[in-house]
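Peer 1: If you read the protein sequences in the order shown, they are chains S, P, H, X, B and L. When we follow the UniProt record's numbering, the leftmost residue of the first sequence carries the number 1, and every step to the right adds one. When we follow the UniProt record's numbering, the leftmost residue of the second sequence carries the number 1, and every step to the right adds one. When we follow the UniProt record's numbering, the leftmost residue of the third sequence carries the number 1, and every step to the right adds one. When we follow the UniProt record's numbering, the leftmost residue of the fourth sequence carries the number 1, and every step to the right adds one. When we follow the UniProt record's numbering, the leftmost residue of the fifth sequence carries the number 1, and every step to the right adds one. When we follow the UniProt record's numbering, the leftmost residue of the sixth sequence carries the number 1, and every step to the right adds one.
Check before you lean on any hint, since a few could be wrong.
As the list makes no split between identical chains, a pair holds if one copy fits it or if it spans any two.
No farther apart than 25 Å at their CA atoms in a straight line, the calculated lysine to aspartate or glutamate pairs in the DMTMM-like style are these [to be verified]:
hint	residue 1	residue 2
1	Lys56	Asp148
2	Lys154	Glu19
3	Lys200	Asp216
4	Lys84	Glu74
5	Lys149	Glu79
6	Lys200	Asp219
7	Lys155	Glu183
Hints were generated in silico from the structure; no laboratory data involved. Predicted, not measured: the structure shown is a model, and the values here were computed from it.
Number of protein chains: 6
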Amino acid sequence: MSTRIDGRSASDHRPVSIERGWSTQAEGSALISFGNTKVLCTASFTNGVPRWMAGKGTGWVTAEYSMLPRSTNERMQRESIKGKVGGRTHEISRLIGRSLRAVVDMKGLGENTLVLDCDVLQADGGTRTASITGAYVAMADAIEWGRDKGFIAKKATPLTDSVQAISVGIVEGEPMLDLAYTEDSAADTDMNIVTTGSGKFIEVQGTAEHAPFDRDELDTLLDLGLAGNRSLAAIQRDVLGLA
Amino acid sequence: MSTRIDGRSASDHRPVSIERGWSTQAEGSALISFGNTKVLCTASFTNGVPRWMAGKGTGWVTAEYSMLPRSTNERMQRESIKGKVGGRTHEISRLIGRSLRAVVDMKGLGENTLVLDCDVLQADGGTRTASITGAYVAMADAIEWGRDKGFIAKKATPLTDSVQAISVGIVEGEPMLDLAYTEDSAADTDMNIVTTGSGKFIEVQGTAEHAPFDRDELDTLLDLGLAGNRSLAAIQRDVLGLA
Amino acid sequence: MSTRIDGRSASDHRPVSIERGWSTQAEGSALISFGNTKVLCTASFTNGVPRWMAGKGTGWVTAEYSMLPRSTNERMQRESIKGKVGGRTHEISRLIGRSLRAVVDMKGLGENTLVLDCDVLQADGGTRTASITGAYVAMADAIEWGRDKGFIAKKATPLTDSVQAISVGIVEGEPMLDLAYTEDSAADTDMNIVTTGSGKFIEVQGTAEHAPFDRDELDTLLDLGLAGNRSLAAIQRDVLGLA
Amino acid sequence: MSTRIDGRSASDHRPVSIERGWSTQAEGSALISFGNTKVLCTASFTNGVPRWMAGKGTGWVTAEYSMLPRSTNERMQRESIKGKVGGRTHEISRLIGRSLRAVVDMKGLGENTLVLDCDVLQADGGTRTASITGAYVAMADAIEWGRDKGFIAKKATPLTDSVQAISVGIVEGEPMLDLAYTEDSAADTDMNIVTTGSGKFIEVQGTAEHAPFDRDELDTLLDLGLAGNRSLAAIQRDVLGLA
Amino acid sequence: MSTRIDGRSASDHRPVSIERGWSTQAEGSALISFGNTKVLCTASFTNGVPRWMAGKGTGWVTAEYSMLPRSTNERMQRESIKGKVGGRTHEISRLIGRSLRAVVDMKGLGENTLVLDCDVLQADGGTRTASITGAYVAMADAIEWGRDKGFIAKKATPLTDSVQAISVGIVEGEPMLDLAYTEDSAADTDMNIVTTGSGKFIEVQGTAEHAPFDRDELDTLLDLGLAGNRSLAAIQRDVLGLA
Amino acid sequence: MSTRIDGRSASDHRPVSIERGWSTQAEGSALISFGNTKVLCTASFTNGVPRWMAGKGTGWVTAEYSMLPRSTNERMQRESIKGKVGGRTHEISRLIGRSLRAVVDMKGLGENTLVLDCDVLQADGGTRTASITGAYVAMADAIEWGRDKGFIAKKATPLTDSVQAISVGIVEGEPMLDLAYTEDSAADTDMNIVTTGSGKFIEVQGTAEHAPFDRDELDTLLDLGLAGNRSLAAIQRDVLGLA
C-alpha cells in the first residue's frame, strides 16, 4: 500500500490521544483526538430513569452528537438557530447511542440513566468514530462513579465489553483506514465499523458514495476495520489503566 | 431452515406486488406491497434544478419517507403536528435518496430534478426496503416521462442500473430474509442490503440489536440478501416490461 | 342544466366508491373515492380519554386531515418538513372533527377516544367532503369494534345518525354539485354542506370566491347539496349493510 | 322575542363604536367595539407586491388576527411563546382576508399591498365579526392614503363595496343576533354572516354546536343576519362621512 | 440645556398618562402613555403556583412583553408567525419580570401567581420603561384584588415599594431624559434606569451605541434618570390614590 | 476585605489564561479560562457582507454564545433539541456582539463579515465576561488574517481599541470582583462591566438580584470593575504580543 498525505500507510489510523477526566463537572469525560479531529465526550449519570421506564429495574443509555459551528473549515449555522436538528446529527446520535447500549447490561446498570454528549470541537473526518471511542471511556468512568455513590449494586457488572469504532474506505481504488476529511470526500466507498473489544461487530455501515462495491472489496474493508479497532481497544485499555 | 409463521422458508421473501402507475397525478408512481407492508411511491419530475446547482448540466435526485399515523398497530403522532421530523424518518429518507442516486448518471439526467416520495400506507416490517424497491420503478417511469417531454436528451441514459433492497436478520439464532414486524422485533441482528441489479452493493447497514455478530454470521446474511435482491430485481424487470 | 366535462349533469355527483376495511391495522377504515379524489380514512379506537377529561363518563372524537405531497398536480412541500401545519389543514381537520362529533353521543361512547385520520392519496376537488363521508364509515366500524371488545356498553347507541358532506358551487353562472378541481378553481361561489342522514344541517360554509351571491342563489345551492347528501347517505348505508 | 341579559332584544346588536384613525403609525386604523369586545384594526399600505406577483398590475390584500393573552376571562398562552399559530387563529385570519378581498378590485388597487392586522384587546364574543367590520374602515382609509400619495391611479376605484359581519345563533331555541360570549357558549347553532353593503353574501358559516338545524331555522338566521349587517353598514358609512 | 423637537427641555420626560383599570377582564390593568408610546399592561392573578414551586408558601411574578405588528412606523412580522420569540423580546420580558419581582415580597404574596402582560399598541421610544411603570400599577391593583378575594393574608404586605423606569441618553453630546424614537436612534449612549420609589437602583443598563462613555457622563445620566423616576413615582402614587 | 473560598481577595479576579490559536480551522481563535470557566472563542472571517448591506463599504460583526449541555453542574437540555434559543442565550449573544462592534471601525473593516462563536465548554460563573474577553483576542487575529489575505486595506485600522469584561457584585454585603458560580448565586447585586482598553465604558449592566442598591454601592462596584478590566487588558496585550 502507498503512503498518504500525512505519511501514514493505508492500514494506519491517525495518532489517537484520549484525555480522560477533562471535565470537572461531568461524572465521566474524555477529550479524544483522532489527528486533528477533537471531540469532547461527557457522560452524565443520573440516579433514576424516565417515568415510563420506572419500576423495571433496568437503566437507560442515550447519546447526543453535535458539532460546534466553526469546528469545520467553513462555518456552519447552529442547529439551535435553525430551530431543528438535522438528519445527519440525528443519525449519528442514534448510532452512538446504539453502539454504547450494545456493551451495557441494563439490568446491571439498574435504574440509572447515562447521557453521553459528544461535541465536536474540531472536525477533520471520523467525528462519529472518535465520538464512539471516546464516549466509551467517559461512560466507563461514569459507571464507576455510580458504583462509588452506591447507585449501582456492588456485584453488578454493567459493562459487558468495550466498544470502539473506525472508518474505512476505498480512495482512488485503494482501501484505507481512518479517513481524514480530504480522503473521505474523495472516497468511492465509505464504511464505519463498530466493534466490541472481543472483536465482534456492533454496526457495519457501508455506503457506495460514487461507485458500488463488490464482495471482495467489502471483505478487505472489514479486515482493515477489525485490525484498526483492535488498536483502538488497546489504547482505551491503556487510558483506563486496564492494560 | 425451519418454517416461519406465514409458512415461508428462511430464505423466502414475502409475496411482492408492484402496481405501476397507481397515481394519475405523478410523472411516475408505484404502489408496492411486501406482504402487508404497503408503500405508495411517487416520482415528481421537474425541469430545472435548485438555483445553487444551475449551470452545471447535472440533475438532482432526492427522497422523502413518511408513515401515515395509523399505518402501524398503534397510532403514531404526525410529525407535522409535532413540528419536527424525527431521527428515524430523516435517516430513512437519506438512505432512499443515496440508494437511488447510486444508479443515476446525473449528467445523463441533465438539469432536471426528481423527488421520490415514499409514503407508508401500512407497515409490517421492511418499509425502507419496500420504499427503495418501489421508488426505483416510479423513478424509471418518471425518467421516461422526461425523455418523452424532451427534458432529457434522446441519447442520454440516466439510469445506469436498477436498485433494490431487502432486510435480513438473525432471529432466534437463524438467519432469515425479509423480516416481518414481529420477526424484526425479535431479531438479534438486523441488516438492510441495497444492491444494483448487477449484484454490487450500494449500502450495507447491519446493527446488533441484542447480540454482537461475528464474521461468519455476517457472511451468511450477505449471501441471503444478495439472493433476495436478485429475486426483487427480476420482479422489477417484469413490471417494467424489461424481462 | 348543461353537461359537464366528465359527462355528468349539474346535479350529479361523481362516481363514489367506498372500500370498507382497507387497513388491517386500524379498528375501522375506508378508502373512499369521489371520482379521482381518493382519501384513506382510518379510525383509531383507544380505551380511555385524555387525562383532563377522565372521570366524566364521556368520550372524545377528533380528526386530522393531511394531503400526501404528490396527491396534487404539482408537488407540495410536506408540512412535517416545513415544521408547521398550515391554516387550510387546520381548518379542514377542525371541520371533520366537528362534523363527526355532531352524530356521536359522547355519553354513549363512554370513556373512549376515536381519532379519525383522513389522508388524501390523490386530490381532484372535494377532499374535505370525501373525508367526512369516508370517515363516518370508518368510525362506524371502529365503534362496533369497541362494542365487541366490551369498551362500549351493550345497550349504548353512540351513533345518533350518519353524516355526509358534499360541495356545491356556481360555475359560469350555473349551480353545480360536487365540483372537481378544475370546476372548483373556476367557481364564483363555493359551498360545503354537511348534513345528517335525517336531512338536517351540521355545517354550511359558503364563500364568494369571485362574486358575492344573493339569497336566491343560496337557496338553489342548499337544495342541490341536500339532494346530493341524500344520495351519499344511501351509499353509506349500502356499504355498511344497513340498506 | 324575549329580552336578553343586557336588555336588548333578540334582533338587536350590541352598541357599536368605531374610533377611526386611532393609530398615528398606520396608514389606516380603527378601534372598534361591539359592546365589551374591542379590536384594534390597522391597515398597512405598502407600495409594491410580493415578488411572485410583480408585473401583473394587480395588488394584494391579506389579514392577520390575534388575541392579546389577557383579552379573555382566563389568560391564554401567547402563540409566539407556543411557537405556532393555532388552528382557530389561522381560520379567522383567512376569513378576514377573504372577506376584505371580496370588495377590492385588485386591478384598481394596482401593485400595492394591504395588510390588515386585527388585534383583539378585549374579547366578549363576536371578535371575528368586529374584526371584519373594523378592518373595512381601516382599509378604506389606507386606500385613500395610497391615492393621496399617488400609488393608486386617480380614476381607479379599488373599493367596489363595503363589507360587514355579524354573528347569529340559536340560544335555548331562540334565534338571536350578535351573540355575547355567554350566549355564544350556550348556543345550539352559531353562524357568522359576512355581507356587502349592497346586501349580498360574501360568507355564510353555520355550525351546529349541539343540535343540527333545519332549513326553517337557517332561513330565520339568515334574515336576522342580513338585517344586522344593514345596521352595521350604516354605522360604517357614518364613520367614514359617506352617510 | 437646549430645547428638543417636541419643545421639552433635556431633563423633562414626555407627558405621561395612566388609564387605570382599562380592562374589564384582568384583575389589574393600566393603559400607559409616554407621549405617543402606548402600552396596555394587564396583571393576571391566579391562586396557586407552578407545581415545582408548590408547598413553599411563596408566590411567583413573571412578565411578557410584545409589540403589535403595526405599533411601529413600518410593519413588523408577528413573532407567532415567525414561530419564535426574538432576542429583544425575550430580553425585555426578562427585564420587566426582574424589575417587578424586586418590589414584591414573595412570602407576603403567598402561593399566588402574577403574570404581567405588556403589549405595545403604539411605539415611539421607551416602550420598556413605559411597560415597567405601567405594569407596576396593574400589579398593585391585582394584588388588592387577591387580598379582597382572600388569596393574600390580611396582614401581608406583598408590595415593598413602587417601581418605575425611564431612559436616558447622550444625543449629539447632550444628556437627555426619556428619549423618543428619533432621539434614541441618534443616541451615542442609551441607558435604562429602573428604581424603587425610595430611590434605590433595581437595574442600570447602559450601552454605548456609537461612542464609549466615561465616568462623568455616566454620573450625569444617573442623576437625570433618578430625577425622572422621582417624577414617575409621583404620577403612580397619584393614579393609585396614594398621594 | 476578607478572603474568599478560593483564597483570593475581594478585588482579585481568578487566574486567567488565554490559549491563542487553539483552532486549526478558524481564522482566529482563543480558548480562555477564568478559573474553572472555559470558553472556546472562534472568529470566522468571510469576505463579503449580507446582501442587504452590500455596496456601502462597511463590514459586519456578530456573535453567538452557547453552552455545552454538560458544561454545568447539572446537564441542561440542548437548545437545538428544544427547537428554540432561550432568552438568556439570546441576551448574551447580543451583548457580546454589541461589545465587540464598539471597538471595530466598520469602514476600516470594509465589506467583510466577522462571526464570533463563544462556546462554553465548562461553566463556573462569568461565562459572558470570559466570552467577551476571549472573543476580542480571536477577533484581533482574524482581522490580521483578513489583512494578510488582502481583504482589508493595508492602511485601514479596523480595531480602534481592545475590549474586556468582568463581573462585580455584592455578596453578603461585600463588593467583589469576578464572581464564581457559588458567589454569583448568593449575590444581592450583580453587575457586568464592559470597557475599552482606554478605560471607557461600553456596557454597564447592574441588576439587584435580592436587594436594591444605592448610589454609593454602585460607585464602589464601578471602581472594582474598572480595575479588574485594566488587568484583563494587560493580559490580552501580553497574549497578542503587544505588551
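Peer 1: Which constraints among the numbered hints does this structure fail? Numbers only, ascending.
Peer 2: 2, 5, 7
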